[in-house]
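**Student:** Each chain, written out:
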Amino acid sequence: MNFDLSSEQIMLRDSANRYVKECGASPKSTDAEVSLIQDFAKLGWLGLSLPEKCGGVGGSAIDVMVLCEELGRGLLLEPYLSVLLAGELLLASEVDAKAAQGGVVSSLLANIVSGNTSIATALYEADSRFELARQSCVAQVCEQGYTLNGTKSFVLNGAQADQLLISARTQGQFNDASGISLFLLDRKTPGLALDPYYSFDGLPMATLSLSNVVLRKEACLVSNTALPIMEAAIEKVIIALSAQALGAMETLLYSSIEYCQLRQQFGKKITQFQAVQHRFVDMYMACEEVRSLLYAAAIKQVESAPDAKLITAMLKVKVGEAGRFLGEQSVQLHGAMGFTEDLLVGRLYKRLLAIDTLFGNADYHLKRVIKLS
Amino acid sequence: MNFDLSSEQIMLRDSANRYVKECGASPKSTDAEVSLIQDFAKLGWLGLSLPEKCGGVGGSAIDVMVLCEELGRGLLLEPYLSVLLAGELLLASEVDAKAAQGGVVSSLLANIVSGNTSIATALYEADSRFELARQSCVAQVCEQGYTLNGTKSFVLNGAQADQLLISARTQGQFNDASGISLFLLDRKTPGLALDPYYSFDGLPMATLSLSNVVLRKEACLVSNTALPIMEAAIEKVIIALSAQALGAMETLLYSSIEYCQLRQQFGKKITQFQAVQHRFVDMYMACEEVRSLLYAAAIKQVESAPDAKLITAMLKVKVGEAGRFLGEQSVQLHGAMGFTEDLLVGRLYKRLLAIDTLFGNADYHLKRVIKLS
Amino acid sequence: MDLNFSAEDELFRLQVRDYFKNDYPKDIIAKVSAGKSMVKADYQRSEQALAKKGWLAVNWPKEHGGPGWSVVQRYIFDEELEIAGALNVIPMGLLYFGPVLYTFGSEAQRERWLPGILNSTTFWAQGYSEPGAGSDLASLTCRADRQGDEYCINGSKIWTSYAHFADWIFCLVRTDPASTRHDGISFICVDIRSPGVEVIPIRSIDGEHHLNRVEFNNVRVPIENRIGDEGKGWHYAQYLLGHERTSYAHVGARKAELALIKNAARTAGVGGSSLLKDPLFASKLARTEIAVKTLEYTTLRILSATQVGAAPGNESSILKILATECAQAVSTLMLELAGADGLTEKAVSLPLSERQGLSGAMCTEKYLFDRAQTIYGGTTEIQKNVIAKQVLGLRS
Amino acid sequence: MDLNFSAEDELFRLQVRDYFKNDYPKDIIAKVSAGKSMVKADYQRSEQALAKKGWLAVNWPKEHGGPGWSVVQRYIFDEELEIAGALNVIPMGLLYFGPVLYTFGSEAQRERWLPGILNSTTFWAQGYSEPGAGSDLASLTCRADRQGDEYCINGSKIWTSYAHFADWIFCLVRTDPASTRHDGISFICVDIRSPGVEVIPIRSIDGEHHLNRVEFNNVRVPIENRIGDEGKGWHYAQYLLGHERTSYAHVGARKAELALIKNAARTAGVGGSSLLKDPLFASKLARTEIAVKTLEYTTLRILSATQVGAAPGNESSILKILATECAQAVSTLMLELAGADGLTEKAVSLPLSERQGLSGAMCTEKYLFDRAQTIYGGTTEIQKNVIAKQVLGLRS
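Protein chains in written order, with the numbering used here: chain A, 381 to 753; chain B, 381 to 753; chain C, 1300 to 1695; chain D, 1300 to 1695.
One should not assume that every hint holds.
[To be verified] Okay, the calculated beta carbon distance ranges per label pair: (1) B:E388 <-> C:K1352: 39 to 49 Å; (2) B:L642 <-> D:A1306: 53 to 63 Å; (3) B:F705 <-> C:P1578: 19 to 29 Å; (4) D:R1316 <-> B:E721: 32 to 42 Å; (5) C:A1437 <-> D:M1337: 58 to 68 Å; (6) B:L574 <-> C:G1692: 43 to 53 Å; (7) C:S1336 <-> A:E611: 37 to 47 Å; (8) B:D687 <-> A:E611: 40 to 50 Å.
[As the list claims (entries may be wrong)] Not everything, but these chain B residues come out facing chain A in the computed CB check (under 8 Å): (9) F653; (10) Q654; (11) A655; (12) H658.
To be clear, the hints were calculated from the coordinates, so they are not data collected in a lab.
All residues carry an ideal CB built from backbone N, CA and C; glycine is no exception.
Chain A on its own, in the form it takes in the complex (with noise of 0.2 Å):
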């Protein structure tokens, strides 16, 4: 029983911390995250916890985790959750003895590390509101393989991908769990159109539209098993998103600190008044949560503990109520200040707001500890 860093991961962490300082916040633009995309690859964070035969370096959740807490503390936005929640699919599909075939996929997952395609992943739709097995886009059985029609919301870096990953009911109704297949195309297949957009956080997102979407048989990754494997790897996404969610409420506390250190109010420092002192201490006392519940989902995830998804959801939800209060209280400490769109902190509130959002919010999540436990 032990929660202390390897020395391998201390070095990730410093230099991820170097980086991210160099780096500054992360502008919204489509270019800046084409830089991002080159340095990652150059540092080797792209293929973090992708195995060394695809040129990865084979780290676990917990290395992933040590990463993100230091991208989120800088406000550094993706891509590396698209290549997170991407290689995870692509690795499982790997195991399904069809797709293996050809090496596409392994040859594939090299050229993410390396930064030379850049992929993006299509699971959730608009009415979905967050349930994975709501899978409406139907690919139907074709001479040629499979037609798809469909439309696929809030995908992440969607209009700036080579390929994409995309699910499919093949089997079912529109709710049910089996029958659902994952299918990668190239984004300039017929049919398929892209209208992109920004979320409120600044994450470049699409929404794709299907429309007789015609793919050779070969392009079916998973067939019919895929929301298992689409679950497995949402759950390592969650790991990494609320380590970047950690980081990014101890900048906001740290900073909001800093802030009333320096201002004055009726003669005294704001951080003099008892109200605001223990504000800060409950904002503390939550980050301390959260790296609990993180560091204990993520080291259960590694050791396939059977309690790791509960945990996991647990950690959700926890991410999602403890961002929104950091947020909100960082705001109203910070007076108007908190309330203008440049500084640092209202960017930060945004970011813990989206990430209560992306992959299932706080009481979706209450929802599965309720049924995991």
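Place chains B, C and D on chain A using the hints.
**Tutor:** Only chains B, C and D this time, still in chain A's reference frame:
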């Protein structure tokens, strides 16, 4: 639109306030109960909401509220709630043609108002979890009238009463809304056993066991349609109970302030700490919020407004939560002193906890708000 | 005690409702409900429509061009305006400056400035807050030095809502450089187009432009632009605050939002099912409904006391806390309603929008915008200090 | 990073579990689980059973008669004890006084007092708090005046848990009347049966007798009963506080309570249905489970840091807040579980009790008893002051 008390209501409030101050908080003893009943009868309070033909004053829910706020302020425990509940039920039963026969009900009411007869009401059962429709106590038609079997729990003043009003099922299943009847019986009726105890806040309660209790046909005051009558009576009792809660909350607030004004910690009065000051403001705001909903609920009841039930359910949610908040904070702010049994703070706190539970706790009424709105 | 409005007031309510239904600009209501950014022309058209009816300067007495309404009539008017989804007036000239002007201004000043406010041809901004002063207004440092018949103003004002729409700005400035705290502050009106005035936009976290910084660099203002006596400005500003007891309530807006939320929730569950059947959402909704009802009856209690002159004067702090927290509770519920739809920027229209006139982006924007509620007009923390001291008698 | 205990520690856990299952007095476990009031003989029998196994003074090093366990072993032991439903030891002698005694006491003092603690024949009480001092211990006024070879003690101590069971009381008393705050305070042990000592019971809001007031009226105590130097008592008491980082955690107790609650909830709904199917109750339960898991992993993080000497020293405040609020959350959930059954006094046995070993009265009593958690050992407010100052570097 006005929220002012009439001059009669101000007189009622002031005389109740004086009486309560002279009395002091009620000790936990049946003797005290008996002497209170006599005082209340003399002061005309037992008949406050009952019609003049029974010797009552014919007052409204607002008058009852005015009286009860003062009773709660001084932690003057029962006997009023039992009289109010039974009175409402008896009045409603008079409307039922069969029951009016022989003037039994109106002479009973007159005896209650004069303090000559004490009465208790047994509606709930141990596993009903606040659901009135849950009635597993059964009344079967027999040659003489009815035979009753079953158990009623949490009967306020059950062991002290001369007469008992009991609900029992005459038709249908455990949880059916219809088929519930209301019976009047003497405490000395053969087959009726009483197990007396106190609630944790010091109110006398009892569990009633009915074993082949045989009643004449006339003992049935309401046949099969008692549920809406019970619900309506409880609506009125909730106003009274909430007014008691508000009185208790304000006493808690101001006695906590007084205590903290006198106590020093680290060279300062406890009330000089900003975190404590803001806590007191939160407590004060909670009282104001209860007062707003209480006034609205009372007025809507008098006006038979279509949303009277909804506002009363909202009030009970607020009273339950605000009462617990006030109680918990008062204990915390008193420090170890607040944890002792002797101080009024602990007794008021326990009273507020009990009020939350009586006639359905905050969660129960929150579910009613969901249904009604 | 009763909750009924008088027959007269009920008749008045019907007239107001009828007006907003039939005579008020429909396109403005449509634009508000679509969550579009409002431009100056929208405000002007809305206000001039109200002015035409004589219903613009709702809190002014008749003698100065107001409708001379009772507090209850004004409450009913505000509620109906918000339930109808009409545009709230910009309060700077109408609610804040106007009463100072007709109470403390000279005859000449009234004649000069009241008409422009009354017909919505002149827009005003409020120059109170300063960088570094926050809610502690008494520490302000923007100075006006007397030079002959003029003041020369130097300094900064910040968080000036709608200064980018304004023709004039009324400022609290320090005219006595030796003074500290509340004394030595004067109330001066400045033509915002004067040389040396610069209005710098500040973008808010909801992505919109509501706020500005206003810089004064040797701005010369004639002394006749000063309201009342020199050095008494603070007291003029304070006087008005006590009279604006229920302006934060916005009960009508909260009711309208709840109705929108309930309507949208009916199809916002998985696959278009009802979110109202989700017990966690339903219980949050119920709690929010309790909060709105509590706000409504608290506001009415204060109105009732004001009617008979019994309001002790601290209601504005109590109501400020209650009303702003209620507003935040409602827009937090909107965020919950939006779910993943709330992730998108304003530009994007997604299902919640298509179905029910409440897009995810509008929900997020409203939630973010409402964070300002507990900050402006004195933070919640400061209101609690005021209640602790003035209502509960606690000294620090 | 890993969450696994070592194979040795896991083996140790099995031994402890086996002991509580087979060798620890079963009637005491039964009495604890029935929520009965424990008398002195119960504590003594429980402690002597543990002493026989050498597992009583769990935090003491081997040289003084403790088991010499690692912090992890001690955590495992505490958790198993609580999950088994055994009786917690009275901490005054074992956890609080013992370490002061073997660290700062003389050889003679150790020989005199350690054995009685180790075999649970001598019970101790802690005389720190005073009427009027509360959490601000440095302001204490109970005085010990030196008169030849004796101190003469006058004053009051209050909130002394279990003083009615105690043979001795260790006190912080002012030996230098001219001193203020932390200096001039000495650590003195008093035979509680000495002439002039009076123990006055205080009944708590849960109706039980846990606390006492202890009056000292010209109580004569030989100077050899003083621990360490005169005037240094405050520092001896403080020294220990930093070493007791996880004693408030009680993770095992919380887990055991949650298991009881879930078991009872299965039949606590209307007509014996499952309350776990009630979404509002289920979501409260889920939140409480999150709180307990958060407490567990936070405690383990602190233990892990302590193992390698990396604990910065403020953990006791963080854990005190977290652990006591978690305890209150669990017992508040009990109150919710009990529903109307919770109305009754302790004496009454009602359905919740008959079915599942958790009566309504026990739920209410536990809830009320747990209100003390955020008060004793320094209130939550004081812990927050400490964290603000020592962790976040905020000055008042």
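**Student:** It remains to establish, for every hint, whether it holds in the given structure.
**Tutor:** Okay, the hints, checked on the actual structure:
At about 43 Å, the CB distance of E388 (chain B) to K1352 (chain C) agrees with the hint of 39 to 49 Å. For the hinted restraint 53 to 63 Å between L642 (chain B) and A1306 (chain D), the CB-CB distance of approximately 59 Å keeps it satisfied. With their beta carbons about 23 Å apart, F705 (chain B) and P1578 (chain C) fall inside the hinted range of 19 to 29 Å. Between R1316 (chain D) and E721 (chain B) the beta carbons are some 38 Å apart, a value that agrees with the proposed interval 32 to 42 Å.
Against the hinted window of 58 to 68 Å, the Cβ-Cβ separation of A1437 (chain C) and M1337 (chain D) comes to about 60 Å, which satisfies the hint. A C-beta distance of roughly 49 Å is found between L574 (chain B) and G1692 (chain C), which places it inside the suggested range of 43 to 53 Å. Distance hint check: the CB atoms of S1336 (chain C) and E611 (chain A) are about 40 Å apart, consistent with the given range 37 to 47 Å. Between D687 (chain B) and E611 (chain A) the beta carbons are some 45 Å apart, a value that agrees with the proposed interval 40 to 50 Å.
The interface hint given for F653 (chain B) is met, as the beta carbon of that residue sits about 6 Å from the closest beta carbon of chain A, less than 8 Å. The restraint placing Q654 (chain B) at the interface with chain A holds, with a minimum CB-CB distance near 4 Å, inside the 8 Å limit. A cut of 8 Å between beta carbons decides the hint on A655 (chain B): the least distance to chain A is about 5 Å, and the hint holds. Given the 8 Å rule on beta carbons, the hint for H658 (chain B) holds: about 5 Å separates it from the nearest Cβ of chain A.
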